[in-house]
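Protein sequences, first through last, are from chains A and B. Residue numbers for the first sequence follow this note's numbering, beginning at 7 and rising by one. Residue numbers for the second sequence follow this note's numbering, beginning at 7 and rising by one.
Worth flagging that the hints you see were computed from the coordinates, not collected in a lab. Every residue, glycine too, gets a C-beta built ideally from N, C-alpha and C. Some hints here could point you the wrong way.
To be verified - In silico negatives: residues of chain B with every beta carbon more than 12 Å from chain A:
1. Tyr-51
2. Ser-64
3. Arg-131
4. Ala-148
5. Ala-171
6. Lys-180
To be verified - Calculated pairs, EDC-like style, for lysine to aspartate or glutamate (alpha carbon to alpha carbon, straight line, at most 16 Å):
7. A:Lys-103 with B:Asp-154
8. A:Lys-117 with B:Asp-154
9. B:Lys-174 with B:Asp-127
10. A:Lys-118 with B:Asp-154
11. B:Lys-174 with A:Glu-170
12. B:Lys-103 with A:Asp-99
13. B:Lys-153 with A:Asp-188
14. B:Lys-14 with A:Glu-105
15. B:Lys-156 with A:Glu-115
16. B:Lys-103 with A:Glu-115
17. B:Lys-103 with A:Asp-188
18. B:Lys-103 with A:Glu-178
19. A:Lys-117 with B:Glu-24
20. A:Lys-135 with B:Glu-100
21. A:Lys-156 with B:Asp-127
Claimed, not checked - Simulated restraints on C-beta separations:
22. B:Cys-65 with A:Asp-25: 51 to 59 Å
23. A:Ser-40 with B:Asp-130: 22 to 30 Å
24. A:Asn-185 with B:Asn-38: 20 to 28 Å
25. A:Leu-75 with B:Thr-87: 45 to 53 Å
26. B:Asn-11 with A:Lys-153: 40 to 48 Å
27. B:Glu-184 with A:His-23: 22 to 30 Å
28. A:Arg-101 with B:Lys-141: 49 to 57 Å
29. A:Asp-143 with B:Lys-77: 51 to 59 Å
30. A:Lys-55 with B:Asn-37: 37 to 45 Å
31. B:Lys-77 with A:Ser-74: 54 to 62 Å
Protein chains: 2
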Amino acid sequence: MPKENRTKYVILGLLNHEDLTGYDIKKQVENNLSNFWDISYGQIYPELKKLENYKFISCRIDNSENGSLKKIYSITETGRTELISWLESSTRDERIKFEFLLKLYFSAEIKKDITIKNIDDFIDRHSNKIKLYEKFDSNLSAALDNKDHKYRYLTLLFGIYMEEAFVKWGNEAKTFLENVDD
Amino acid sequence: MPKENRTKYVILGLLNHEDLTGYDIKKQVENNLSNFWDISYGQIYPELKKLENYKFISCRIDNSENGSLKKIYSITETGRTELISWLESSTRDERIKFEFLLKLYFSAEIKKDITIKNIDDFIDRHSNKIKLYEKFDSNLSAALDNKDHKYRYLTLLFGIYMEEAFVKWGNEAKTFLENVDD
DNA sequence: CAAACCATGTAACCAGTTACATGATTAA
DNA sequence: TTAATCATGTAACTGGTTACATGGTTTG
Numbered sequence: 007m008p009k010e011n012r013t014k015y016v017i018l019g020l021l022n023h024e025d026l027t028g029y030d031i032k033k034q035v036e037n038n039l040s041n042f043w044d045i046s047y048g049q050i051y052p053e054l055k056k057l058e059n060y061k062f063i064s065c066r067i068d069n070s071e072n073g074s075l076k077k078i079y080s081i082t083e084t085g086r087t088e089l090i091s092w093l094e095s096s097t098r099d100e101r102i103k104f105e106f107l108l109k110l111y112f113s114a115e116i117k118k119d120i121t122i123k124n125i126d127d128f129i130d131r132h133s134n135k136i137k138l139y140e141k142f143d144s145n146l147s148a149a150l151d152n153k154d155h156k157y158r159y160l161t162l163l164f165g166i167y168m169e170e171a172f173v174k175w176g177n178e179a180k181t182f183l184e185n186v187d188d
Numbered sequence: 007m008p009k010e011n012r013t014k015y016v017i018l019g020l021l022n023h024e025d026l027t028g029y030d031i032k033k034q035v036e037n038n039l040s041n042f043w044d045i046s047y048g049q050i051y052p053e054l055k056k057l058e059n060y061k062f063i064s065c066r067i068d069n070s071e072n073g074s075l076k077k078i079y080s081i082t083e084t085g086r087t088e089l090i091s092w093l094e095s096s097t098r099d100e101r102i103k104f105e106f107l108l109k110l111y112f113s114a115e116i117k118k119d120i121t122i123k124n125i126d127d128f129i130d131r132h133s134n135k136i137k138l139y140e141k142f143d144s145n146l147s148a149a150l151d152n153k154d155h156k157y158r159y160l161t162l163l164f165g166i167y168m169e170e171a172f173v174k175w176g177n178e179a180k181t182f183l184e185n186v187d188d
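All chains should be built: construct the whole structure from the sequences, respecting the hints.
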């Protein structure tokens, strides 16, 4: 999958919108990008250092007189150029992996009931995601005059469509297995 | 995502069905599992060695008198037990990543036309996948009396539903962007 | 006779996870 | 006052990619 370091673009993309700490970046990914991305501190902090060395971002320290340490990062003009050239480039296909389907593929070996239980869990997990996304969706839809929001709305819509397809499939798969002789 | 080595189960799962070489394993993943999995020789050959050390699989060499080397692997009883305990275990959520959506999320920064072009490409790629899967589907559906085929059919159906959701989304996203002021 | 495919493998590298370590601030 | 959250970081590890190296076999 890799080759191109995408953590870099997550950071540049978020900083292009507002100044953030490493901690903030993690939060934003969790709250807003979690339906198609995730990230760990083990990626963020080393990458922030690298990006600062390359002058794609700069750092100021918020001391607020006490001993606490807070590093606030901003994107530079060079960083912005770098971000935009990535945004304009075409994207290759993602190679997705579903351990759930890998297991299902080989499941003729095990009792049907176990598989049906696993599909039930799958349906639950993804129904919950739809509910969650729809809550976000109603917030975003209310403020679509904001240009950023338009694009965020589209990524959320993607998540909803995908999850709906998953749940629809889950229900059909269950019915199929229930009506088939073991 | 990792923690548990899934390459191991791909190999055990395929060998549980028939004896195969490393090369065959690669081919089978490409041909039958590619809508939810992929694998490289750099994973397969070292893993085959490990699995042989653990006695999960055994190896015989096909010499056929000439100098060519062909290692044919079979699953052992221990290996089968290992496979089944994984098959019966519940699956945690996959963390999926879509570079395409990551880009889209930040795309308020670039010209709408470029994004629309990217969505067009996205629609093309995924429409082609649907066509491909439907061809496979008609083959599998014709032989659903075979127990293995039932489960393979379900994974394929998953792929079709997912790709259909992607294309549907793509078309709506395009319309949305075209009708919105830049 | 060349191109495509069969067949095995390694080494260097990059991406990402997990667990650990440390300490300040805020809200119940 | 204690639990949650804010905040920064590292080290060891696992997973996976890519490029390379080698050579046999089949098919047009």
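These are the hints, each one checked on the structure:
1. For B:Tyr-51, the non-interface assignment is confirmed: its Cβ lies about 20 Å from the closest Cβ of chain A, beyond the 12 Å cut-off.
2. The non-interface label for B:Ser-64 is consistent with chain A: the shortest C-beta to C-beta separation is roughly 19 Å, beyond 12 Å.
3. The Cβ of B:Arg-131 does not lie farther than 12 Å from every Cβ of chain A; its closest approach is about 6 Å, which violates its non-interface assignment.
4. With a closest Cβ-Cβ approach of about 16 Å to chain A, B:Ala-148 is found to remain outside the 12 Å limit, as its non-interface label requires.
5. Once the 12 Å rule is applied to beta carbons, B:Ala-171 is inconsistent with being away from chain A; the minimum gap is 4 Å.
6. Separation of B:Lys-180 from chain A is inadequate, the least Cβ-Cβ distance of about 10 Å not exceeding the 12 Å criterion.
7. Among the hinted pairs, A:Lys-103 with B:Asp-154 is inconsistent with the structure: their alpha-carbon atoms are about 21 Å apart, more than 16 Å.
8. Simply put, A:Lys-117 and B:Asp-154 have alpha-carbon atoms about 13 Å apart, close enough for the 16 Å limit, and the pair holds.
9. At roughly 14 Å between alpha-carbon atoms, B:Lys-174 and B:Asp-127 fall within 16 Å of each other, so this suggested pair holds.
10. For the proposed pair A:Lys-118 and B:Asp-154, the alpha carbon gap of about 12 Å is at most 16 Å, so the pair holds.
11. For the given pair, B:Lys-174 sits about 12 Å from A:Glu-170 by alpha-carbon distance, which is consistent with the 16 Å threshold.
12. With a C-alpha separation of about 11 Å, the suggested pairing of B:Lys-103 with A:Asp-99 holds against the 16 Å cut-off.
13. Restraint check for B:Lys-153 and A:Asp-188: the C-alpha separation of about 8 Å stays at or below 16 Å, so the hint holds.
14. The suggested pairing of B:Lys-14 with A:Glu-105 holds, with an alpha-carbon distance near 12 Å, which does not exceed 16 Å.
15. Between B:Lys-156 and A:Glu-115 the alpha-carbon distance is near 12 Å, which keeps this suggested pair within the 16 Å criterion.
16. The straight-line distance between the Cα atoms of B:Lys-103 and A:Glu-115 is roughly 31 Å, outside the 16 Å bound, and the hint therefore fails.
17. Our distance criterion of 16 Å between C-alpha atoms is broken by B:Lys-103 and A:Asp-188, whose separation comes to about 36 Å.
18. Between B:Lys-103 and A:Glu-178, the direct Cα distance comes to roughly 26 Å. Violation of the 16 Å bound is thereby established for this hinted pair.
19. Of the supplied pair hints, the one linking A:Lys-117 and B:Glu-24 is violated, its CA atoms being roughly 20 Å apart against a limit of 16 Å.
20. Restraint check for A:Lys-135 and B:Glu-100: the C-alpha separation of about 13 Å stays at or below 16 Å, so the hint holds.
21. Between A:Lys-156 and B:Asp-127, the direct Cα distance comes to roughly 20 Å. Violation of the 16 Å bound is thereby established for this hinted pair.
22. As the Cβ distance of B:Cys-65 to A:Asp-25 is approximately 58 Å, the hint placing it in 51 to 59 Å holds.
23. A:Ser-40 and B:Asp-130 have their C-beta atoms about 28 Å apart, which keeps the hinted 22 to 30 Å range intact.
24. For A:Asn-185 paired with B:Asn-38, a C-beta distance near 24 Å keeps the hint of 20 to 28 Å intact.
25. For A:Leu-75 and B:Thr-87, the hinted distance range of 45 to 53 Å is satisfied, since their beta carbons lie about 52 Å from each other.
26. Between B:Asn-11 and A:Lys-153 the beta carbon distance is about 44 Å. The supplied range of 40 to 48 Å therefore holds.
27. Checked against the hint of 22 to 30 Å, the pair B:Glu-184 and A:His-23 passes, with Cβ atoms roughly 25 Å apart.
28. Restraint check, A:Arg-101 to B:Lys-141: a C-beta distance of roughly 21 Å breaks the suggested window 49 to 57 Å.
29. Taking 51 to 59 Å as the suggested C-beta distance range, the pair A:Asp-143 and B:Lys-77 conforms, at roughly 53 Å.
30. For the hinted restraint 37 to 45 Å between A:Lys-55 and B:Asn-37, the CB-CB distance of approximately 44 Å keeps it satisfied.
31. Distance hint for B:Lys-77 and A:Ser-74: a CB-CB separation of about 60 Å, consistent with the stated range 54 to 62 Å.
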